[in-house]
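> Chains as they are written, first to last, in full-length UniProt numbering: chain B, 1 to 437; chain R, 1 to 327.
I should point out that these hints are in silico values taken from the structure, not numbers from a laboratory. Please note that the accuracy of each hint is not assured.
[Claimed, not checked] A few chain R residues that face chain B, going by a derived Cβ cut-off under 7 Å, partial list only:
| # | residue |
| --- | --- |
| 1 | Ser73 |
| 2 | Asp74 |
| 3 | Leu160 |
| 4 | Pro163 |
| 5 | Gly166 |
| 6 | Pro167 |
| 7 | Phe268 |
| 8 | Lys272 |
| 9 | Ser278 |
The beta-carbon is built from N, C-alpha and C at its ideal position, and this holds for glycine as well.
Residues per chain are reported as follows:
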Amino acid sequence: MGRTAGPRRNAARLGVTALALLVATGLVTACGSGDDGGGGEGGGAATATGVDDGTTLTMWTRAATRPQSEALVKAYNASHKNRIELTVIPTDDYQAKVGAAAGSRDLPDLFASDVVFVPNYTSSGLFADLTERVDALPFADQLAQSHIKAGTYEDKKYVVPHTLDLSVLFYNKDLYRRAELDPEKPPTTLAEWDKHARAVDALGGGVNGTFFGGNCGGCGVFTWWPSIWAAGDDVLNEDGTKASLASDTAKKVYETYRGWVNDDIVAPGARDETGTTWTGVFPKGKTGVMPMPSTTLGLMPKDLDLGVAPIPGPDGGKSTFVGGDAIGISAISKSADQAWNFLAWSLGEKAQVDVVAANKDVVARTDLASNKHSDADPRLVTINELVKDGRTPYALKFGQTFNDPNGPWLTLMRNAVFKDGSSLDKDNEAVTASLAD
Amino acid sequence: MQPQVADEAAAGRHAASTSRTRRAARPHPPHQAGGPWWRSRKVKGLGYAAPTAAFVTVFFLLPLLLVGQMSLSDWPLLAGNRGGNAPENYTDITDGTLFWPAVRFTLLYTVIVTVILLGLALLLALLVQEHRPGVGFFRTVYFLPGALGLASASLLFWGLYSPTTGPLSPLLEGLGLVDEPVSFLGAPTSALLSTVFLVVWKFAGFYMLILLVGLQRIPHEVYEAARMDGADRWQIFRRITLPLLRPSLALTLLLCATGSLLAFDQFFILTKGGPDNSTVTIVQLIYREAFQRLDLGTAAALSIIVLAVLLLLNVLQFRGLRRADEP
Chain B
1 MGRTAGPRRN AARLGVTALA LLVATGLVTA CGSGDDGGGG EGGGAATATG VDDGTTLTMW
61 TRAATRPQSE ALVKAYNASH KNRIELTVIP TDDYQAKVGA AAGSRDLPDL FASDVVFVPN
121 YTSSGLFADL TERVDALPFA DQLAQSHIKA GTYEDKKYVV PHTLDLSVLF YNKDLYRRAE
181 LDPEKPPTTL AEWDKHARAV DALGGGVNGT FFGGNCGGCG VFTWWPSIWA AGDDVLNEDG
241 TKASLASDTA KKVYETYRGW VNDDIVAPGA RDETGTTWTG VFPKGKTGVM PMPSTTLGLM
301 PKDLDLGVAP IPGPDGGKST FVGGDAIGIS AISKSADQAW NFLAWSLGEK AQVDVVAANK
361 DVVARTDLAS NKHSDADPRL VTINELVKDG RTPYALKFGQ TFNDPNGPWL TLMRNAVFKD
421 GSSLDKDNEA VTASLAD
Chain R
1 MQPQVADEAA AGRHAASTSR TRRAARPHPP HQAGGPWWRS RKVKGLGYAA PTAAFVTVFF
61 LLPLLLVGQM SLSDWPLLAG NRGGNAPENY TDITDGTLFW PAVRFTLLYT VIVTVILLGL
121 ALLLALLVQE HRPGVGFFRT VYFLPGALGL ASASLLFWGL YSPTTGPLSP LLEGLGLVDE
181 PVSFLGAPTS ALLSTVFLVV WKFAGFYMLI LLVGLQRIPH EVYEAARMDG ADRWQIFRRI
241 TLPLLRPSLA LTLLLCATGS LLAFDQFFIL TKGGPDNSTV TIVQLIYREA FQRLDLGTAA
301 ALSIIVLAVL LLLNVLQFRG LRRADEP
């Protein structure tokens with residue numbers, strides 16, 4: 001073998017192999033080096049607006065908030081010398097991707113994160129300290145405080161709000177009319193929601209009352225917890241180490257959902273839904289009333305007549321999960337001043353109103369909650385006003401407890417809704433054990 | 001021409017043994033005394049082997065040592081190495097509630113997949129072994145899914161199975177075979193069977209190819225002789241095809257069992273270990289420890305255990321393989 005190739009060819013092959021080897025080892029050592037401990041200052045003097053000098057910056061975001069990030073990046077690139085290269089990563093793989101990149105010191109200059117994972121990242125020193133820069137902003141006090149709070153660790157601020165994503169009820173006004181429900185009167189209690197869902201479901205012909213991601217821990221957190229909060233109850237203690245997910249209020253919420261499953265009020269697929277397609281069901285126009293992320297409002301079909309309402313508790317009240325992405329500069333970025341230029345711009349009035357609000361999204365600043373776009377759409381006012389009633393839960397072990405598809409919360413969810421819920425107390429203990437792990 | 005053909009057949013039949021004898025009989029070339037040292041056989045040999053050795057060192061041995069070190073250390077993914085904690089990572093493994101179910105499930109999956117795949121692959125190979133018109137078409141069709149990546153194939157099936165967006169469930173409903181939407185991945189048994197179906201669809205053609213090569217290595221004369229002695233089809237299959245196919249069967253068994261024990265992509269994409277943690281494989285557990293629980297130490301310890309089990313299994317199977325190869 002290879003004898004016919006002659007010595008010269010062999011030598012060339014050897015050379016190529018050696019070169020490949022050199023490159024490969026170079027890569028390996030590059031990954032292994034730079035073990036200098038995280039949490040750096042990010043370099044450079046802190047200025048309110050950063051530096052715009054034509055630097056190319058890398059940025060990561062997750063698929064769930066892709067349209068919002070893309071719109072901001074596009075507008076920034078069009079009006080600045082700096083260039084941002086945005087990489088969108090599947091939502092389910094985002095934690096793993098960031099974790100692996102952090103392990104190999106390979107994080108981009110900027111990375112957004114689901115706000116619930118931020119405490120884990122700040123406590124591990126993945127973000128650069130932005131305290132001085134944030135405080136220098138003239139509108140620092142008007143930034144969405146739930147995100148700032150989630151990104152504050154040992155009195156230092158590490159992130160700013162990037163996209164706010166609130167859980168709200170979407171209801172199909174056409175189906176409401178057909179079911180002889182008042183399309184201007186969305187449910188204000190869980191019991192009413194139940195009644196409406198059943199009335200719409202009775203229309204038949206492929207129409208279903210409601211829908212939820214029944215095999216998706218993140219969906220449960222986002223859409224079920226507001227019903228518990230609306231009643232004034234807590235789901236986690238202050239420092240996120242103890243769960244109270246078997247409370248009487250929680251049980252009432254699970255019972256309602258269980259009823260929808262047992263009586264076939266939910267659209268098919270709820271049992272399997274891992275979160276990848278759960279927001280794709282409502283826009284088909286065959287679902288009556290279900291919780292949805294506010295970020296999808298701008299993506300709904302133009303001809304779908306939909307109303308927006310707060311998620312109610314069992315006996316009234318309203319709340320929301322103030323989710324979405326917070327964004328920071330990675331501790332290893334060498335272009336912190338340039339990266340800050342993007343962040344400071346993205347929070348400015350022009351970006352917030354002309355990009356964020358224009359896309360029917362929730363603005364990151366309370367002083368801009370009422371603007372020319374939201375004033376034209378009462379649904380946006382409903383959502384913007386909800387921010388103050390909502391919560392962002394805090395736990396260091398949030399991902400492995402609530403988002404892990406094999407984690408204890410999903411087990412609790414499924415036992416509570418697809419089974420009889422008799423194991424609730426035991427499942428709640430497993431959640432607490434994972435939080436305190 | 002006749003004698004030459006016969007010669008070739010004979011040569012082919014005894015190719016293995018004669019080449020072995022020839023190699024053994026050939027004397028070593030005399031050492032070239034007086035030549036420059038870099039021309040010597042030894043140095044040249046080392047030179048040829050060096051690139052591979054370097055590759056193996058960099059991409060296998062060093063990572064393996066690193067994994068070994070990780071498995072003995074407290075090593076969170078985000079924070080890095082915090083120093084040794086042996087043997088905590090190993091004792092932690094069996095504390096996890098998912099470990100033993102995952103072991104049981106991985107073994108069950110391996111047995112099911114191996115039995116179905118090997119049976120079907122053998123059937124397909126027997127169907128397409130003869131040269132008949134159109135046989136090339138069928139060989140290609142059977143093999144085609146094997147040309148797809150496992151992740152792509154899994155995504156394809158995930159789309160097909162999806163009760164919200166997939167076409168399979170409406171199709172079955174339209175044909176009147178079922179009354180309500182089918183939840184392919186919604187219950188433990190159907191999730192397992194749906195995944196097995198994907199894997200069989202994807203790999204049957206590949207294993208068919210290996211077995212086909214094995215079938216075609218069996219000389220025609222043996223079959224002819226058997227037929228002359230009055231053996232029927234079943235006897236020929238049992239007494240000639242199967243025994244002479246044993247090396248190929250052992251090879252496919254080895255590949256199939258090892259691959260199934262390391263199953264990850266298909267379950268990660270189709271079921272994520274669900275529903276209700278019923279389809280968690282061992283490798284998924286490794287992934288979960290590393291990237292959900294962000295604990296590289298425990299993940300490394302699990303990897304070491306899996307490596308040890310696989311090594312043991314391969315040694316056993318290789319022994320079987322070698323025995324099967326002996327006449």
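> Work down the list of hints and note, for each, if the structure agrees.
Hint check results:
1. Ser73: violated (13 Å)
2. Asp74: violated (13 Å)
3. Leu160: Where the cut-off is 7 Å and the nearest Cβ of chain B is about 13 Å from Leu160(R), the hint is violated.
4. Pro163: holds (4 Å)
5. Gly166: It is violated, given that the least Cβ distance between Gly166(R) and chain B is near 9 Å, above 7 Å.
6. Pro167: violated (14 Å)
7. Phe268: violated (9 Å)
8. Lys272: holds (4 Å)
9. Ser278: violated (10 Å)
Hints 1, 2, 3, 5, 6, 7 and 9 from the earlier list are contradicted by this structure; the remaining hints agree with it.
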